[in-house]
Amino acid sequence: MTKGKLYLMPTLLGSETWDHVIPAKVAELAINTRYFAVEDLKSARRYLRKLDRTFPIDKSTFFILNKNTLPTDLSAMLAPLRNGHNVAIISEAGCPGVADPGADLVALAHQRGDFVSPLTGPSSILLGLMASGFNGQSFCFNGYIPKERKKRVFTFKDYEREVSKTGQTQIFMETPFRNNNLLEDLLNECLDATFLCIACDLTLPTERVQTMTVAEWREKAFDLNKRPTMFLIGKPFAM
1 MTKGKLYLMP
11 TLLGSETWDH
21 VIPAKVAELA
31 INTRYFAVED
41 LKSARRYLRK
51 LDRTFPIDKS
61 TFFILNKNTL
71 PTDLSAMLAP
81 LRNGHNVAII
91 SEAGCPGVAD
101 PGADLVALAH
111 QRGDFVSPLT
121 GPSSILLGLM
131 ASGFNGQSFC
141 FNGYIPKERK
151 KRVFTFKDYE
161 REVSKTGQTQ
171 IFMETPFRNN
181 NLLEDLLNEC
191 LDATFLCIAC
201 DLTLPTERVQ
211 TMTVAEWREK
221 AFDLNKRPTM
231 FLIGKPFAM
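Per UniProt numbering, the sequence shown starts with residue 1, numbered consecutively.
For the record, the hints were derived by calculation from the structure and aren't laboratory data. If you're wondering where the values come from, they're calculated on a predicted model, not measured in any experiment. Even glycine gets a Cβ: it sits at the ideal position worked out from N, Cα and C. Among the hints, erroneous ones may be present.
Stated by the list, open to error - Pair by pair, the computed Cβ-Cβ distance ranges are:
#, residue 1, residue 2, range
1, 59, 225, 38 to 44 angstroms
2, 130, 68, 31 to 37 angstroms
3, 219, 117, 43 to 49 angstroms
Construct all of the structure, not just a fragment, from the sequences and the given hints.
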């Protein structure tokens with residue numbers, strides 16, 4: 001019997017229509033899959049029903065794969081592969097395994113000799129970088145910024161030094177309801193000449209991506225509350 005494949009299946013970044021960002025072949029594969037390892041059950045089911053209103057939720061199997069999943073739970077998620085069934089990893093938004101759950105399951109699949117296949121779809125990290133005008137040859141995704149203000153300010157300064165020294169683009173994020181606080185701290189603590197890119201609501205109708213100096217942002221900042229946003233500090237590539 002031919003073994004199934006473990007697919008890393010991207011999802012939408014927001015409430016946009018799927019055909020704007022998800023290739024038709026990826027959607028077709030999702031619709032024909034019946035085993036899923038998902039970060040959030042509700043959002044995964046909603047996504048599948050958005051792809052196909054008649055998707056058989058009740059005839060599909062969903063494993064929960066998030067930060068609380070135990071290593072001992074992973075093997076069961078790969079068991080369908082041995083019976084010829086495909087398994088798809090779906091995160092809450094964007095690409096699984098990149099700043100989202102999935103890497104542990106993929107690592108186990110490799111150890112077992114299973115076939116792993118990443119699928120095409122939206123990544124807010126790469127989309128933000130693409131639209132920033134910053135160095136795309138050398139960049140670092142730092143994840144969530146520290147909550148404690150002293151550590152946060154130190155982190156800003158560290159990013160500025162790294163950009164000045166190596167030109168490496170620094171990418172980071174915050175929980176959406178804290179975005180305005182992060183922006184305020186950036187504008188208060190970073191150097192006037194530091195270039196900051198804000199990539200907000202990527203792929204959505206309200207999408208906005210803009211790169212300016214911190215001094216310019218102080219005059220033109222806009223509301224980021226509860227809007228998914230990537231922040232980037234870097235050096236315009238032409239400079």
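Hint check:
no.	hint	verdict
1	59 to 225: 38 to 44 angstroms	holds, 40 angstroms
2	130 to 68: 31 to 37 angstroms	holds, 33 angstroms
3	219 to 117: 43 to 49 angstroms	holds, 47 angstroms
Every hint, counting from the list given before, is met by this structure.
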